[in-house]
Every structure is written in C-alpha cells, then in structure tokens.
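Peer 1: For the sequence shown, the working numbering assigns the number 266 to the initial residue and increments by one for each residue that follows.
For the record, the hints were derived by calculation from the structure and aren't laboratory data.
In this text, a Cβ means the ideal position worked out from N, Cα and C, and glycines have one as well.
A portion of the hints provided could be inaccurate.
[Claimed, not checked] Simulated DEER-style distance windows between Cβ atoms: (1) R492 with P392: 25 to 35 angstroms; (2) P483 with R331: 34 to 44 angstroms; (3) P483 with G512: 38 to 48 angstroms; (4) M508 with D319: 15 to 25 angstroms; (5) P283 with P392: 33 to 43 angstroms; (6) G301 with K449: 39 to 49 angstroms; (7) E327 with P298: 33 to 43 angstroms; (8) E284 with G309: 46 to 56 angstroms; (9) A342 with I267: 40 to 50 angstroms; (10) R293 with K449: 37 to 47 angstroms; (11) R312 with A342: 30 to 40 angstroms; (12) A509 with P483: 21 to 31 angstroms; (13) D381 with R324: 38 to 48 angstroms.
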Amino acid sequence: MITLQKNQLRFDFPQVHPEAVCTLELIRTLRIPDDGREYPLPPGFARFPLRHLDDHAARLPEHWRRRGGVLMPMHQAEAMWINFDAPGSYPFALKIATGKVCAVSGDEWVNHLNLDPQDYVVVPEQPWLDGYCVEQGLIRQFVAMPLGKGYTAEEQLTGLAEHGGLQVIAYPMKREHYESMARKVHALYSEMPLAEDGDMAIGLAPGGRMRQEIYEDPYGLDAWDQRHASRCFVSIANSGQWMALTG
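Can you build the whole structure from these sequences, using the hints too?
Peer 2: Encoded structure:
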C-alpha cells in the first residue's frame, strides 16, 4: 500500500509484517557547480510538494495517467536529494531510478534486485541519497532538466526520452528473516547489564560531484521479499505545468 502523508511517500506492507513501513521524502537543496571538482553534501530545505496523479487525472497527459503514481514540481536546474526512513526500523531494500536508469548502479532499470553490482539501497542503514553513484564514494547531484534535450541520464544512457521523472520500488525484508534477527537482538540485550542514564515533463540529469557512500547490503539478497514489492512513479512537472494542474 502506497500513501501520501504531509508530502511524504509512505510504503506499508501489513501483509508482510505490522512494522513493515518505510517513507521517502524529496528535499529541495542547493545546486552545486558542475565543474569537475568535488563538494561536500549541500544543506536540505523544505520537502517538495507531492500530489496523487489520480486527483488531477482530467488534466494529465495520457501516458502519465496510465502509469499513475504521484506528481511533484521542479524548476529547471533545481536540485534535490532523497531522504529515507523506516519508522519502526524494519529493513527495506529500495531501488531508485530516474527515467529508467538506476541511480545506484547506473545500469538500465530492472524490476528485481542485483547484488553484483548492488543496484539498491538498504534502509534504515542508508539515510539519504543525493544523486547518481558514478564510482565508489562519489555521486553526481540530482538536477532537473527538460526531457528531450539530451541532458537527462535516461537520454545519455539509452538515447531515448521516454519516461523522465523518478521510479521507486520498495522491497520489505522477509518476515521470518526479520523475526529471527529481532530474537537475536532481544537475546543480546537481555544479557546486558542495565546502564546508567546518559546525557511537465521533466527528467533528472547528473549534476555536480560530491562525496557520499552507498552502504553495502549487510543482509544479502535472500533477506528481501521480492514477491511483495511496491512500485511508485513520481512524475515531475515544471512550475507552469504544476500551477495549471493543481491550481
């Protein structure tokens, strides 16, 4: 089940486990220079607004209506990063793609998980993602550019300007794997002494370079329940389209 709560995209898997919940936020940020130099991670500002596409179906292009999902606005050359959370600490594998190009591996999108090279992030271990991973410890910032002009990652890799936007698939950890892990953690803590209290269409293009680690999967492919994945498309509208669609 996918819902929106205060501009936060929420994935719930009650059929897997009551605690199987993860959230995703798209955060405005400063655009760093694309000059070949490396920069520290820039600060985050407010969340981008998100709206259900179904609420504005009458005004949408046909291909947006077919794929469904949610809608967000971005100005050309505006930058963003993605914030992840698992409120109950239930582990998830998340695949992130822009225009059907995997942001973690740089390969074309597939609907299953790969470990070599790893093409997903593990939440809550990975708290955020600021851009496309281009090599170990180095990413290029997510930056909005018009689709069809040759700038986006999708066009640079595939030569096509078909999809744009952002795609997300969430895979919860298998229930039996999570419960086994939880029992081990409980047993470990029960043996520890008590401590004293302490103190329209827009795509995403690769922008400037910055340092960020993509954490390796500590659980392995077999831990993830790939039968119960949920996918969401995030279509990106320019500011004029956003006003026309949402008022």
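Peer 1: Next, verify each hint and record whether it holds.
Peer 2: Hints, verified against the model:
1. R492 with P392: 25 to 35 angstroms: holds, 27 angstroms
2. P483 with R331: 34 to 44 angstroms: 38 angstroms Cβ-Cβ, so the 34 to 44 angstroms window holds.
3. P483 with G512: 38 to 48 angstroms: holds, 46 angstroms
4. M508 with D319: 15 to 25 angstroms: holds, 19 angstroms
5. P283 with P392: 33 to 43 angstroms: Violated - the Cβ-Cβ distance for P283 and P392, about 23 angstroms, lies outside 33 to 43 angstroms.
6. G301 with K449: 39 to 49 angstroms: 46 angstroms Cβ-Cβ, so the 39 to 49 angstroms window holds.
7. E327 with P298: 33 to 43 angstroms: holds, 38 angstroms
8. E284 with G309: 46 to 56 angstroms: violated, 27 angstroms
9. A342 with I267: 40 to 50 angstroms: 29 angstroms Cβ-Cβ, so the 40 to 50 angstroms window is violated.
10. R293 with K449: 37 to 47 angstroms: holds, 40 angstroms
11. R312 with A342: 30 to 40 angstroms: violated, 19 angstroms
12. A509 with P483: 21 to 31 angstroms: For A509 and P483 the Cβ distance comes to about 46 angstroms; the hint is violated.
13. D381 with R324: 38 to 48 angstroms: holds, 44 angstroms
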